[in-house]
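Undergrad: Each chain, written out:
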Amino acid sequence: MAFSTEDLSTMDLIIKRYPRSRSAIMPLLHYVQSKAGYVTNEGIEVIAKLLQLEAAEVTAVSTFYTQYKPTPVGEYHVGVCTNTLCAIMGGDAIFASLKDHLGIGNDEVTADGKVSLEHIECNAACDYAPVVMANWEFYDNQTVESAKELVDSMRAGNPKPPTRGPNRLVTYKEASAVLAGLNDGLAHEGVQAGEPTLLGLKLSKEGK
Amino acid sequence: MTKLAPVLSAHWDEKDSFTLEGYKRHGGYKAAQKALTMDPDAIIQLVKDSGLRGRGGAGFPTGMKWGFIPQGDNKDHYLVVNADESEPGTCKDTPLLMANPHVLIEGCIIACHAIRAKHAFIYIRGEVTHVVRRVNQAIADAYAAGILGNGVDVVLHVGAGAYICGEETALLDSLEGFRGQPRLRPPFPAIAGLYARPTVVNNVESIASVPAIVMNGAEWYQSMGTEKSKGTTLYSLSGHVVNPGQFEAPLGVTLREILDLAGGVRPGHRLKFWTPGGSSTPLFTDAHLDVPLDYEGVAAAGSMLGTKALQIFDETTCVVRAVLRWTEFYKHESCGKCTPCREGTWWLVQILRDLEDGKGTEADLAKLLDLCDNIMGRSFCALGDGATSPITSSIKYFRDEYIAHLTNGACPFDPVASTLFVGAGA
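As they're listed, the protein sequences go chains A and B. For the record, in the first sequence the residue sitting at position 147 is 147 according to the working numbering, with numbers rising by one throughout. For the record, in the second sequence the residue sitting at position 408 is 408 according to the working numbering, with numbers rising by one throughout.
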């Protein structure tokens, strides 16, 4: 795919956020993923040109960070937390069953291109363990069954909404645009907090 | 019995707590208004007097950090907020930003005024799409309302999945557009931080605590907490408990008190081990239920308060499996810059895998401790140090369990028993 004039002007606005242009590498890489679904060579070249860097310098940054994908992921990229706490509470079982259910391994995509799978590290939602992320949206308190139902809904083209997130699950490309700092207008959707987040406050109001 | 004291979390139960309107309903942005009429040095003094200490793990006094910024140097100064919350077990800044991003923006305005900065950056981890939306929208709304853009600019910078970027100098390299690898110190960020300019790097919770201090005064903040650990803070309880969640309490509360509020360890089970402040802080056991969870109390008991991430594991959990998984995490997240950490964490994983599989020997325990000794304190940043914490502390408290793996020839635990859905047909 080629980057349109409009894409290039968006990239220019991203660069203008920073006092020094090189700081824009990371949002620009997220932006490339929002267009291509992964970090393409063409995307690397465009970023290098815009920032007056060598392509190798941009590649060096891109390959350091696990969220920048060298190959296409699914329309819905599913991450199962298998760091210690989630793993022990069920994350390992969920990850194993999803691999089996989808017939793919870690960092692989289903043949229909709908779902990719990755085991992820702690995603800062331990009070909602076991946690599954999809396009980096929260799916809290998962079980083997609920996780299977989630990926089935994705493959059927009607993904279940996140537990703490917008009313619908956006695609990987759409989520990448948000990570590039673009506003998709969905910030007001979804809960302000889940029950565990509010537990201490609730007990305090009961005089605890 | 310590009473909970919601300050940061006081209005999280209102549906629109994350909006400008919701924030203003409870006096939002009045602290910034007040601060802007104050002398910057007076704000630094106020924060020093409050006793506020860094909530990101190290516990460095916030006001003192601000005071290190050279004044009258005719250089740009920067405030960088560390929202890269990734320490295993840590889950406080993420819900805070989802429920109330404006309190962070208000804190940024006050901190920028104090350190004479015009520019603040919020470095948030990339794996939290909806939180990014909320913070970005809050910034846009603050600009539209004229709250930002009149002397202070705030830029949200989204990371891309690297635990090391929670380390402040790696974060700065990442923000400058490089691979996130820690820098040698000195110079410290206060002298040469972002773009080699004087920079304050603070955790989300630290900066978010500032507006309430400005509104209510240092004495009010001092009235909560213990002698050297002042104020309230978010304790994040997770794991094998009846009701996990966030508990905002004065510093010095104990795990026993928080567990009581949470309904205790799950029925029919007992506490085996826990982390007081994330996986990089040495493990505690049921002998530490009454340790005051403040900076001094936890340190005196041989661990660190860290991020106050209380991860609870009951007796169904294999400590070797838990430690192996954390060690795999550190190996994966080591940035590769310093040899002791890069090579050391790799070897730790090899040895621990054998031990968990019952294939090691008792000499491997000595080897693990020897490796830890050679990693500890020998790298630019604390990632390697953190990697040794679960290993040395688990061998200290659970040596017999390591040995049981060897005599048994395999892990003696059933992993299904530790899951939440045991018995649920999973």
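Misleading hints may appear alongside valid ones.
As the list claims (entries may be wrong) - Each computed EDC-like pair below joins lysine to aspartate or glutamate, with the alpha-carbon atoms no more than 16 Å apart:
#, chain 1, residue 1, chain 2, residue 2
1, A, Lys202, B, Glu362
2, A, Lys16, B, Asp260
3, A, Lys160, A, Glu145
4, A, Lys202, B, Glu176
5, B, Lys15, A, Glu189
6, A, Lys99, A, Glu118
7, B, Lys15, A, Asp184
8, A, Lys205, B, Glu14
9, A, Lys202, B, Asp13
10, B, Lys396, B, Glu362
11, B, Lys3, A, Glu118
Simulated from the structure, these hints should not be mistaken for laboratory data.
Undergrad: Which numbered hints are broken by the structure, listed smallest first?
TA: Per hint list: 1, 2, 4, 7, 11 violated.
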